[in-house]
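Chemist: My request is simple: use the sequences and hints to build the entire structure.
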Amino acid sequence: MNRKTLIPLVIAIALGVLAAKLGRDMLESRRTNVPTPRNLVKVAVAAVALPPGHELRAEDVKLSEVSKDAAPANAFSSPTDLVGRVTATALVPGQAILENLLAARGVAGGLSALVPEGMRAVTLEVNEFSGVAGLLVPGCRVDVVSSLHDSESGITVARTIVENVKVQAVGQQLTAPAKPDDRLAVPRSVTLIVTPEDAEAIELASNSGRTRLMLRGAGDDAPVHTRGVTVARLIGDAVKRPGPATRPLQQVDADQPAAGAVRPAIASTTRPAPSLEDPWEVVMRHRVRVLRAGVPSHVEFEIRRVNRGNDLMTGSGPEAMAPWPLRGGR
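Counting in numbering that gives the first Met the number 0, the sequence shown runs from 0 upward without gaps.
Calculated directly from the structure, the hints in this document are not laboratory data.
Each residue gets a CB set at the ideal place from its N, CA and C atoms; glycine is no exception.
Keep in mind that the hints are not guaranteed to be accurate.
In silico SDA-like cross-links for lysine to any residue, where the CA-CA straight-line distance does not exceed 20 Å [as the list claims (entries may be wrong)]:
1) Lys41 / Thr79
2) Lys165 / Gly138
3) Lys67 / Glu98
4) Lys41 / Ser111
5) Lys67 / Leu39
6) Lys165 / Arg140
7) Lys41 / Leu5
8) Lys41 / Glu98
9) Lys61 / Val82
10) Lys165 / Glu124
11) Lys41 / Ala69
12) Lys61 / Thr88
13) Lys41 / Ser63
14) Lys41 / Ser77
15) Lys165 / Ala89
16) Lys41 / Pro71
17) Lys165 / Arg119
18) Lys165 / Ser111
19) Lys61 / Val91
20) Lys61 / Val44
21) Lys41 / Leu97
22) Lys41 / Pro78
Simulated restraints, written as ranges between beta carbons of each label pair [claimed, not checked]:
23) Asp219 / Lys61: 38 to 44 Å
24) Pro71 / His224: 41 to 47 Å
25) Leu233 / Pro71: 52 to 58 Å
26) Glu127 / Leu233: 20 to 26 Å
27) Asp219 / Leu21: 51 to 57 Å
Modeler: In C-alpha cells, the structure reads:
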C-alpha cells in the first residue's frame with residue numbers, strides 16, 4: 000500500500016475511534032442523570048392560577064414529581080394539608096406551594112389575610128384625577144397628598160401626609176389584570192396598607208380637604224423632604240401687599256413720677272374717617288401709663304380692622320381686630 004494513502008487512513012480510523020468513545024461517554028452520563036423512581040419525590044403544586052387571599056380547596060392543588068435534590072425544604076407532600084389554607088401571594092399553575100407563600104394558619108380568606116401584623120387597610124375614594132387616571136394596579140406604591148385649610152389662620156397648604164405605601168387593592172381587584180382589557184374603566188376606590196398613625200392622618204385629611212394619590216416609580220423608596228406649599232409661596236412677590244398696620248403717633252408728654260405699680264389709664268377717642276390709601280381702619284385708641292425703672296411713660300394702642308371700603312382689600316378674609324402698639328413717650 001502506498002504510504003501516501005496509508006497515513007490518512009490511519010488518522011481517519013483514530014479519529015473515528017475517538018468520536019465513538021466520546022459519544023458513548025455522553026450517553027452514559029445522560030443515563031446517570033435521569034432520576035430513578037428512588038430519587039423522585041412528590042410535592043404539592045398549584046393546579047390553576049390562584050390569586051392572593053384565596054382559600055385553597057382540594058381541586059386547587061395537585062401533586063408533581065420532582066427530583067429529591069430539587070425539592071424545596073418547606074414544600075408540602077399532601078394536598079390535604081393545604082385545604083383551608085389561604086394564599087398570601089399570587090401563584091401560577093405548576094408552582095410549588097410553600098409555607099412562606101401562605102398566610103398563617105387559622106386566617107380567613109380575603110383581604111384580612113394580606114394585612115401584615117401591626118398594619119391597617121384603609122380605603123380611599125378616588126376618581127380619574129385623584130387616582131392617577133385609573134392606571135393604578137395592586138402592588139404599586141404611592142404617596143398621599145392633601146390640600147388642607149386652616150380656618151383660624153386662613154391658610155391653605157398642600158403637603159404629603161403619607162408616603163411610600165403599598166396599594167393592596169384597586170376596587171375589588173387584589174391582583175393586577177392579566178390582560179389590559181380586563182382593567183377596570185375607572186376604579187372608584189383604592190385600598191392602602193398603612194400604619195395606624197397614617198390611617199388616622201388619611202381619615203382626617205379626607206374629611207378636612209382633598210386627597211390625591213401620587214404614583215411612585217418602581218424601586219423608588221426615597222423619603223419626601225418637602226414641608227408643603229401655601230398660596231403665599233406660589234404667589235411670591237407677584238401681588239403687592241399692604242404695608243404694616245402700625246403708624247407712629249405724636250409724642251405724648253410724660254407725667255410726673257409716681258410711686259406704686261403700673262397704673263393704666265384708658266381713654267377712647269372718636270373713630271377717624273377711613274383713608275382710601277390705608278387698608279386698615281382705626282376703630283379705637285387706648286392710652287396706658289406705665290413705669291419703667293421708676294420712670295413714667297405713656298404707650299398708646301390702636302384697635303384696627305380691615306377697611307372694607309378700600310378696593311385693594313375687596314374679597315379679603317374676615318375682619319382682623321387686634322391691638323397694635325404705637326409709639327410712646329416719657
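Chemist: If a hint holds in the structure, say so; if it does not, say that too.
Modeler: Going through the hints against the structure:
1. Distance check on the hinted pair: Lys41 and Thr79 sit about 14 Å apart at the alpha-carbon level, within 20 Å; holds.
2. Our distance criterion of 20 Å between C-alpha atoms is met by Lys165 and Gly138, whose separation comes to about 6 Å.
3. Between Lys67 and Glu98, the direct Cα distance comes to roughly 18 Å. Compliance with the 20 Å bound is thereby established for this hinted pair.
4. Pair hint Lys41 plus Ser111 does not hold up; C-alpha atoms about 31 Å apart against a cutoff of 20 Å.
5. Simply put, Lys67 and Leu39 have alpha-carbon atoms about 5 Å apart, close enough for the 20 Å limit, and the pair holds.
6. This hinted pair checks out: Lys165 and Arg140 have alpha carbons roughly 5 Å apart, not beyond 20 Å.
7. At most 20 Å may separate the alpha-carbon atoms for a hinted pair to count; Lys41 and Leu5 exceed this at roughly 59 Å.
8. Of the supplied pair hints, the one linking Lys41 and Glu98 holds, its CA atoms being roughly 16 Å apart against a limit of 20 Å.
9. Under the criterion of a C-alpha separation no larger than 20 Å, the hint pairing Lys61 with Val82 is consistent with the structure, at around 11 Å.
10. For the proposed pair Lys165 and Glu124, the alpha carbon gap of about 16 Å is at most 20 Å, so the pair holds.
11. Between Lys41 and Ala69 the CA atoms are separated by roughly 11 Å; this keeps the pair inside 20 Å, and the hint holds.
12. Between Lys61 and Thr88 the alpha-carbon distance is near 18 Å, which keeps this suggested pair within the 20 Å criterion.
13. The suggested pairing of Lys41 with Ser63 holds, with an alpha-carbon distance near 5 Å, which does not exceed 20 Å.
14. Taken as a hint, the Lys41 and Ser77 pair is honoured in the structure, with Cα atoms around 8 Å apart against an allowance of 20 Å.
15. Straight-line distance between C-alpha atoms of Lys165 and Ala89 comes to about 16 Å, which keeps the hinted pair within the 20 Å bound.
16. With a CA separation close to 11 Å, the supplied pair Lys41 and Pro71 stays within the 20 Å bound.
17. Distance check on the hinted pair: Lys165 and Arg119 sit about 11 Å apart at the alpha-carbon level, within 20 Å; holds.
18. With a C-alpha separation of about 15 Å, the suggested pairing of Lys165 with Ser111 holds against the 20 Å cut-off.
19. Only pairs whose Cα atoms come within 20 Å are accepted, and Lys61 paired with Val91 is accepted, the gap being roughly 13 Å.
20. Using a Cα cut-off of 20 Å, the hinted pair Lys61 and Val44 holds, with the two alpha carbons roughly 6 Å apart.
21. As the CA atoms of Lys41 and Leu97 are separated by approximately 13 Å, the hinted pair is consistent with the 20 Å bound.
22. Our distance criterion of 20 Å between C-alpha atoms is met by Lys41 and Pro78, whose separation comes to about 11 Å.
23. Between Asp219 and Lys61 the C-beta distance comes to about 39 Å, which sits within the given range of 38 to 44 Å.
24. Restraint check, Pro71 to His224: a C-beta distance of roughly 43 Å satisfies the suggested window 41 to 47 Å.
25. Between Leu233 and Pro71 the C-beta distance comes to about 56 Å, which sits within the given range of 52 to 58 Å.
26. For Glu127 and Leu233, the Cβ-Cβ distance of about 25 Å falls inside the hinted range of 20 to 26 Å, so the restraint holds.
27. One distance hint, 51 to 57 Å for the beta-carbon pair Asp219 and Leu21, holds here, with the actual separation near 54 Å.
Consistency note: the structure conflicts with the earlier hints numbered 4, 7.
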